[in-house]
Amino acid sequence: DLVFSNLDTINVSIDRDNKISDHETLSIKINNCDKNCDMNVECVVKVKCWKKYSRQNLQALLINNMNSENFVTNDINEKANTLTEIIKKCVNKLVCVKFIKTKSHNKWYNIELKICKQKRDKAYKKAVNSNDFWDWEHYKVLRNEYACTLRRKKSDFVQNQINDNKCDSKKLWKTLKNLIKPGANKTKNTKIKFDCDNDNESDNINCDNFTIANKLNNYFIKSVKEINESIENTNYEVPEQNCDTNNRPQLGEFRQITISELSSIISKLKNTSGVDEISAQVLKDSFDVIGLKLLEIINDSLSRGVVPSSWKISTVIPIPKVPNTEKASEHRPINMLPAYEKVLEIIVKDQLVQYLESNKILVREQSGFRAKHSCETALNLLLAKWKKQIEKKQTIIAVFLDLKRAFETISRPVLIKVLEKYEIHGSVLKWFKNYLENRQQITRFDDAASIPQYNSLGVPQGGVLAPILFILYINDIKTVLKFCDVNLFADDTVIFIALDNAIAATNCINEDLNNLTMWLKHKKLKLNTSKTKFMVISNKHNLPLQEIKVKINDDEIEKISVMKYLGVMIDDKLKFTEHIDYTIKKIGKKYGILCRLDEKLTTWSKILLYKSLIAPHIDYCSSILYLASDTQLKRLQRLQNKFMRMILKCRRDTRTKDMLEAMQWLSVKQRLMFNTLVLIYKIKTKIVPSYLSDNIVYGSDIHNYYTRFRNDMRPVSCTMLSTKNQLFCKGVIEFNKLPTAAKDARSVNIFKRYCTTFVRENCI
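Its first residue numbered 1, the sequence shown is counted upward by one per residue in this note's numbering.
Heads up, some of the hints might be wrong.
[What the hints assert, rightly or not] Once the Cα atoms are required to be at most 16 Å apart in a straight line, the calculated EDC-like pairs of lysine to aspartate or glutamate come out as:
id, residue 1, residue 2
1, K417, E240
2, K417, E511
3, K153, E599
4, K682, D712
5, K564, E578
6, K215, D132
7, K122, E137
8, K531, D402
9, K649, D598
10, K521, E229
11, K430, D446
12, K521, E232
13, K293, E85
14, K312, E326
15, K564, D581
16, K360, D402
17, K559, D712
18, K122, D132
19, K752, E734
20, K549, E511
21, K606, D164
It should be emphasised that the hints constitute simulated quantities derived from the structure, not laboratory data. Predicted, not measured: the structure shown is a model, and the values here were computed from it.
Please construct the entire structure, taking both the sequences and the accompanying hints into account.
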């Protein structure tokens with residue numbers, strides 16, 4: 001006797017006392033069925049009622065409460081507290097908290113369907129009682145009408161949900177998951193396991209939310225402190241960078257902002273919920289009344305170098321890394337900042353970035369959190385260097401570093417010294433010192449908030465300043481490396497060396513890794529050696545791979561042949577076959593989900609879902625996917641064909657060309673070529689970082705003759721087929737085939753129009 005179920009919490013037991021013939025009696029029990037089944041179970045939830053809230057009502061209340069005598073003090077903390085308390089008070093008058101009963105019902109089920117169902121049921125009862133032929137026929141008509149209306153209402157509801165969330169992939173996936181498994185997103189766990197202080201056993205906590213929130217807050221702070229304490233102290237001195245600090249402008253004071261600048265910043269804030277009553281939407285609605293006071297507080301903060309104490313409180317939301325986990329260690333702390341602190345951070349960040357970029361302080365190899373930079377530009381820089389070294393028949397050894405909770409373990413005193421090193425002083429330095437000191441964090445679990453605790457490590461996450469401060473914190477990494485080159489995207493770091501002799505390269509990279517280890521200890525950053533890997537990249541077949549041993553503090557690093565870096569699977573032959581496999585696997589899963597929803601989705605919904613959920617996988621780092629072989633790209637094309645057949649409901653033998661024409665889509669190869677040509681156009685017009693445009697050479701740079709190809713790009717000189725397969729060779733050759741009008745286009749949009757026509761006609 002067998003029991004099959006798709007429920008995770010089903011328990012089956014055998015009752016041996018009650019037998020039916022030669023069969024055992026099976027007892028089936030479903031635990032927590034309300035979490036897994038679409039049961040119409042009522043539950044009470046706390047919600048905010050916004051019926052009385054409006055922009056006009058909020059502003060009217062603020063005008064009555066914004067008395068000038070409330071702001072006579074010169075203390076910035078008092079002024080900031082007064083302003084935020086007034087706003088919160090006014091919002092609380094308009095927004096009340098209610099406890100309501102919710103029922104897990106289908107949201108598309110409305111009064112029209114209810115009436116239709118009542119008519120059907122009434123006709124059924126009449127037909128059963130009379131057993132008349134025409135009564136049964138009338139019932140069948142109403143039954144079919146109800147079924148058609150139900151399908152139509154459900155389809156319309158799904159269509160509206162997809163249209164509303166088409167720009168938010170997270171909400172879009174939530175909608176699809178609810179269609180497949182209703183109620184799956186409502187699972188909530190109230191039982192967390194915490195490691196004990198004195199032993200390795202676990203203490204199962206199944207208590208009120210306030211206790212859990214406090215324990216989670218303690219755990220998050222303590223876990224970071226343990227990482228910090230495990231790092232040895234060192235007297236290592238970072239080598240000075242070769243730069244002339246005498247001629248470099250200094251950042252000694254912030255520029256005061258105007259009311260129009262502040263209005264522009266607040267209007268661009270995303271309408272996300274805040275950590276308190278003052279959300280981004282509330283700031284926008286109240287700005288006409290509080291704008292001048294908020295401007296005064298912000299400009300005082302910038303000039304005095306003081307951040308209001310009440311603004312320096314972070315809220316942590318624990319998000320499970322694993323579904324239904326009960327372990328505190330398997331919760332990811334998501335930091336959130338008040339909306340008003342985010343505004344202050346944006347102002348400071350803009351002025352800090354302008355100083356760093358205009359004076360070229362950040363290293364060229366850093367592509368993280370910088371304008372015009374992206375994962376694609378960082379990868380193309382790395383591949384261009386590697387292809388050049390392979391062309392010289394050198395062996396490349398690359399080490400992919402993994403830092404453990406890098407943003408959270410930063411030493412704040414060391415960060416202040418880094419700021420001083422880059423000529424940041426005066427009220428600006430004072431502001432950063434005040435911004436980093438005496439910061440508190442609370443943790444929210446369900447509807448409970450923990451007691452605030454001081455956090456003395458790391459940079460405050462959840463805002464825009466933390467990423468900039470981090471990349472500045474590790475900006476001197478190149479000075480530590482004597483032999484190796486580096487590629488950076490925030491904390492995703494690759495160091496590599498290329499030499500003719502693989503053993504010599506190994507010795508050099510080991511020496512640099514020892515220096516790097518000391519530098520990391522000085523910076524109070526923890527290297528995760530178990531996740532740090534190395535790869536040998538070469539076209540040579542007689543490499544002494546057994547003798548190549550890369551070590552960190554006498555610990556051998558694992559050698560791999562494939563590594564996921566910035567979302568791309570890089571293999572040791574740079575053929576990207578594994579990346580095609582990885583992309584197909586991700587797209588294939590989503591194809592399976594859409595197939596299950598095929599009958600519930602309209603044609604328009606399927607097209608929208610393809611563009612929102614599938615096409616981004618092909619568009620991501622297209623210039624890297626473009627380097628894959630035609631055989632591999634055909635595998636992707638077959639997957640696109642499946643989507644087109646599902647949308648158009650075509651037969652299997654329908655030609656790809658006809659389906660593409662009907663959908664007005666580009667094929668996979670055409671799409672990859674299109675995106676690659678657009679990237680090269682951006683390189684030509686210097687829309688992307690200069691480290692890519694520096695690889696471009698024109699005919700006019702080589703000779704002074706007025707030939708037809710004088711203004712064309714010259715592909716890099718390569719003798720090997722493997723090294724020709726790169727952006728600056730394969731991509732440039734295709735770009736030169738474009739018509740002159742396309743190459744001389746004045747904007748990206750005009751270029752895209754020319755490029756689309758060219759790709760359709762020339763790429764098969």
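Okay, the hints, checked on the actual structure:
This hinted pair checks out: K417 and E240 have alpha carbons roughly 13 Å apart, not beyond 16 Å. Annotation: proposed proximity of K417 to E511 is violated, straight-line Cα distance about 27 Å (limit 16 Å). This hinted pair checks out: K153 and E599 have alpha carbons roughly 13 Å apart, not beyond 16 Å. Distance restraint check for K682 and D712: the Cα-Cα separation of roughly 15 Å lies within the 16 Å cut-off, and the hinted pair is therefore satisfied.
At most 16 Å may separate the alpha-carbon atoms for a hinted pair to count; K564 and E578 meet this at roughly 10 Å. Only pairs whose Cα atoms come within 16 Å are accepted, and K215 paired with D132 is rejected, the gap being roughly 69 Å. A C-alpha spacing of about 13 Å is found between K122 and E137, which places the hinted pair at or below 16 Å, so the restraint holds. In summary, the hint linking K531 to D402 is supported, as the alpha carbons are separated by about 6 Å, within the 16 Å threshold.
Distance hint between K649 and D598 is fulfilled; the C-alpha atoms sit about 10 Å from each other, no more than 16 Å. Taken as a hint, the K521 and E229 pair is honoured in the structure, with Cα atoms around 11 Å apart against an allowance of 16 Å. Distance hint between K430 and D446 is unfulfilled; the C-alpha atoms sit about 37 Å from each other, more than 16 Å. Annotation: proposed proximity of K521 to E232 holds, straight-line Cα distance about 6 Å (limit 16 Å).
Proposed proximity of K293 and E85 is supported: the alpha carbons are some 13 Å apart, at most 16 Å. Under the criterion of a C-alpha separation no larger than 16 Å, the hint pairing K312 with E326 is inconsistent with the structure, at around 30 Å. This hinted pair checks out: K564 and D581 have alpha carbons roughly 12 Å apart, not beyond 16 Å. Only pairs whose Cα atoms come within 16 Å are accepted, and K360 paired with D402 is rejected, the gap being roughly 27 Å.
A hinted pair counts as satisfied when its Cα atoms are at most 16 Å apart, and K559 with D712 does not qualify at roughly 42 Å. For the suggested pair K122 and D132, the alpha carbons sit about 14 Å apart, so the restraint of at most 16 Å is met. Of the supplied pair hints, the one linking K752 and E734 holds, its CA atoms being roughly 15 Å apart against a limit of 16 Å. Restraint check: the Cα-Cα separation between K549 and E511 comes to about 12 Å, which is no more than 16 Å; the hinted pair holds.
Taken as a hint, the K606 and D164 pair is honoured in the structure, with Cα atoms around 14 Å apart against an allowance of 16 Å.
Consistency with the previously given hints fails for numbers 2, 6, 11, 14, 16 and 17, ordered from lowest to highest.
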